[in-house]
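Chains U and A supply the protein sequences, listed in that same order. Take the first sequence: its position 100, counted from the start at 1, is 1362 in the working numbering, and no numbers get skipped. Take the second sequence: its position 48, counted from the start at 1, is 68 in the working numbering, and no numbers get skipped.
In case anyone wonders, no lab produced these hints; they're calculated from the structure. Here the structure is a predicted model, which means the values were calculated and not measured. Wrong hints could be hidden among the right ones.
[Stated by the list, open to error] Here are the simulated lysine-lysine pairs, BS3-like style, with alpha carbons at most 25 Å apart:
#, chain 1, residue 1, chain 2, residue 2
1, U, K1374, A, K395
2, A, K373, U, K1398
3, A, K395, A, K336
4, A, K115, U, K1287
5, U, K1274, U, K1298
6, U, K1330, A, K373
7, A, K158, A, K196
8, U, K1287, U, K1348
9, A, K395, U, K1398
10, A, K395, A, K226
11, U, K1348, A, K257
12, U, K1413, A, K373
13, A, K226, U, K1287
14, A, K348, U, K1287
15, U, K1398, U, K1356
16, A, K115, A, K373
17, A, K196, U, K1356
18, A, K395, A, K115
19, U, K1287, U, K1398
20, A, K373, A, K315
21, U, K1298, A, K348
22, A, K348, U, K1330
23, U, K1330, U, K1287
24, U, K1298, U, K1413
25, U, K1413, A, K348
26, A, K348, U, K1299
27, A, K257, A, K75
28, A, K315, U, K1356
29, U, K1392, U, K1299
30, U, K1330, U, K1274
31, U, K1330, U, K1356
32, U, K1356, A, K226
33, A, K75, U, K1413
34, A, K257, U, K1330
35, U, K1374, U, K1413
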Amino acid sequence: MDSLEGNQVVVKLRATFPDSIIEVKEFRGDITVTIKKEDLLAIMQFLRDDEELRFNYLVSISGVDYLKMEGVEMRFALIYHLCSFKNSRRLAIKTFVPEDSLEIDSVYPLWKTADWQEREIYDLFGISFKGHPALKRIFLPQDFEGHPLRKDYPLEGRGERSRFDYNER
Amino acid sequence: MADEVKETPTERMVLNFGPSHPATHGVFRNILELDGERILDVEVEIGFLHSGFEKLGENRSYNQFIPIADRMNYVSPLNNDIGYVLAVEKLLGIKVPPRCQYIRVIMCELNRIADHLVSIGMHAVDIGAMTVFLYAFKQREIIYDILEFVTGSRMNNCYPRVGGLVADVPEGFEEKVTDFADHFLPTVDDMDRLLTRNRIWVDRNKGIGAISAEESISWGLSGPILRAAGVERDIRKDEPYSSYDHFDFEIPVGTRGDSYDRYLVRMEEMRQSNRIIQQAIANLPGGEINVDDPKIILPPKDRVYHTIEGLIHHFKLIMEEHGFQPPKGEIYLATEVPNGELGFFIISDGTNKPYRIHVRAPSFINYSVFPQLVKGHMISDVVAIISSLNIIAGELDR
Chain U
1263 MDSLEGNQVV
1273 VKLRATFPDS
1283 IIEVKEFRGD
1293 ITVTIKKEDL
1303 LAIMQFLRDD
1313 EELRFNYLVS
1323 ISGVDYLKME
1333 GVEMRFALIY
1343 HLCSFKNSRR
1353 LAIKTFVPED
1363 SLEIDSVYPL
1373 WKTADWQERE
1383 IYDLFGISFK
1393 GHPALKRIFL
1403 PQDFEGHPLR
1413 KDYPLEGRGE
1423 RSRFDYNER
Chain A
21 MADEVKETPT
31 ERMVLNFGPS
41 HPATHGVFRN
51 ILELDGERIL
61 DVEVEIGFLH
71 SGFEKLGENR
81 SYNQFIPIAD
91 RMNYVSPLNN
101 DIGYVLAVEK
111 LLGIKVPPRC
121 QYIRVIMCEL
131 NRIADHLVSI
141 GMHAVDIGAM
151 TVFLYAFKQR
161 EIIYDILEFV
171 TGSRMNNCYP
181 RVGGLVADVP
191 EGFEEKVTDF
201 ADHFLPTVDD
211 MDRLLTRNRI
221 WVDRNKGIGA
231 ISAEESISWG
241 LSGPILRAAG
251 VERDIRKDEP
261 YSSYDHFDFE
271 IPVGTRGDSY
281 DRYLVRMEEM
291 RQSNRIIQQA
301 IANLPGGEIN
311 VDDPKIILPP
321 KDRVYHTIEG
331 LIHHFKLIME
341 EHGFQPPKGE
351 IYLATEVPNG
361 ELGFFIISDG
371 TNKPYRIHVR
381 APSFINYSVF
391 PQLVKGHMIS
401 DVVAIISSLN
411 IIAGELDR
């Protein structure tokens, strides 16, 4: 636990955003910082632009549905994996999205790679991103119903489609 | 007269490039908006091969995901497999013996060379140079023979297992790999002579699909595309896994970030991979290939048939709802595959199946920049740019 509390990233984050950090966890050397949803953009901007930390690279955004996981209060979470080329260091930022308002700020203004990754999460989990330039499904047809990576979506799907309409664009 | 020319109405044309087009090497669709031959706008439609790999992963035990991982990128399956098992090993907190690490490195680098050969060969074919493709595929065939010799299959090898390998390399492996490594470089030189200063190749690639270093980072690009833009970043060097820190190799970096630099970076990477293979073969350690833990690794068959412990261990690993159960937790592990950073984000809920697997697929993220790269270029450049990005549709759609 000592190494985690003395960690430069964690110390800096706690000092700058004392009210936004909910939890800091370390597992197998991966540090995950859980933050409040409202402060996502501010924290991301800080992590990206801070001279020492320089988390300049958004590696990936993963959506998770914790429906069937015991001991997790909120159902949906997003995990942003960041990487700093300068310090060769990684960090995961986690934020929960309440089920009654499945919306969160898009990080597209900070990293363009968020474009497709957020569309993927919108497609497969049904979480919307405020400020995304063109939020629409990316893998599945636009008129597909449901979000397959949710835990209550059956593995076999919900039957086959009876027809495929060609939509004139 | 001049005014009349100005007012000539030019009609914009919409052209479908794909979903099934020989130059896309996979199923995806680009809707190009053209003014004559110039591309004004492009809309990308993907998802034709979406098979829900991540959802499948949540319903299978950890080892059962390996065949799915190698079907994601069918051009370099071993790199995907090894990336995945390394992630699960991180979750379990185990480290495989040195011999296994070295064999994994050799297999990864052989597959990396094969991937780059396909990439450059197909790139050349798309632009009209058939010869290079034949040179490249001859060497790729030798690599595939070695892979078949070791793993039993040419593609989708499914060779590593969590905690080790399915089997040790067969007798004669060292000789075959050494033979390949000693005779491979002349082919790279041949390709080099055929392409690098070839007027047509240079004209078709230099300055095409260029992207700056800052933009590349913002778009999350990785692998040869990022390095071609001048960013010295290779996970094998920056966060060494599987004993990559034991080997002496260099990371080639480009300056312009265009198709031509991507080609040069891939060419040099093949030479460096060859160096790694030679070092790994020369220093291949002996000893075990699997971790010594019967709760993770299947016991040898004679122990299963002749001892009660062997039978129990076998049963506990194979039967439904059994198998090893990693502790609760969330990990992310990235490896350097031929296309860039392949990452596996795995959440374990303490059972024998992953609660969630998210794959950070390099092709998916590298391809998102495509619309920006082609805008303003000619329609024939679309082909060159797609080839230089080396998009694998299986990984793109997952």
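Hint by hint, here is what the structure shows:
no.	hint	in the structure
1	K1374/U with K395/A	holds (17 Å)
2	K373/A with K1398/U	violated (31 Å)
3	K395/A with K336/A	violated (56 Å)
4	K115/A with K1287/U	holds (23 Å)
5	K1274/U with K1298/U	holds (17 Å)
6	K1330/U with K373/A	holds (13 Å)
7	K158/A with K196/A	holds (16 Å)
8	K1287/U with K1348/U	holds (23 Å)
9	K395/A with K1398/U	holds (22 Å)
10	K395/A with K226/A	holds (16 Å)
11	K1348/U with K257/A	holds (13 Å)
12	K1413/U with K373/A	holds (14 Å)
13	K226/A with K1287/U	violated (47 Å)
14	K348/A with K1287/U	holds (12 Å)
15	K1398/U with K1356/U	holds (23 Å)
16	K115/A with K373/A	holds (20 Å)
17	K196/A with K1356/U	violated (48 Å)
18	K395/A with K115/A	violated (47 Å)
19	K1287/U with K1398/U	violated (33 Å)
20	K373/A with K315/A	holds (15 Å)
21	K1298/U with K348/A	holds (23 Å)
22	K348/A with K1330/U	holds (14 Å)
23	K1330/U with K1287/U	holds (21 Å)
24	K1298/U with K1413/U	holds (23 Å)
25	K1413/U with K348/A	holds (18 Å)
26	K348/A with K1299/U	holds (24 Å)
27	K257/A with K75/A	violated (32 Å)
28	K315/A with K1356/U	violated (32 Å)
29	K1392/U with K1299/U	holds (12 Å)
30	K1330/U with K1274/U	violated (34 Å)
31	K1330/U with K1356/U	holds (18 Å)
32	K1356/U with K226/A	violated (42 Å)
33	K75/A with K1413/U	holds (9 Å)
34	K257/A with K1330/U	violated (39 Å)
35	K1374/U with K1413/U	violated (29 Å)
Figure legend: structure checked against the earlier numbered hints; hints not met, in rising order: 2, 3, 13, 17, 18, 19, 27, 28, 30, 32, 34 and 35.
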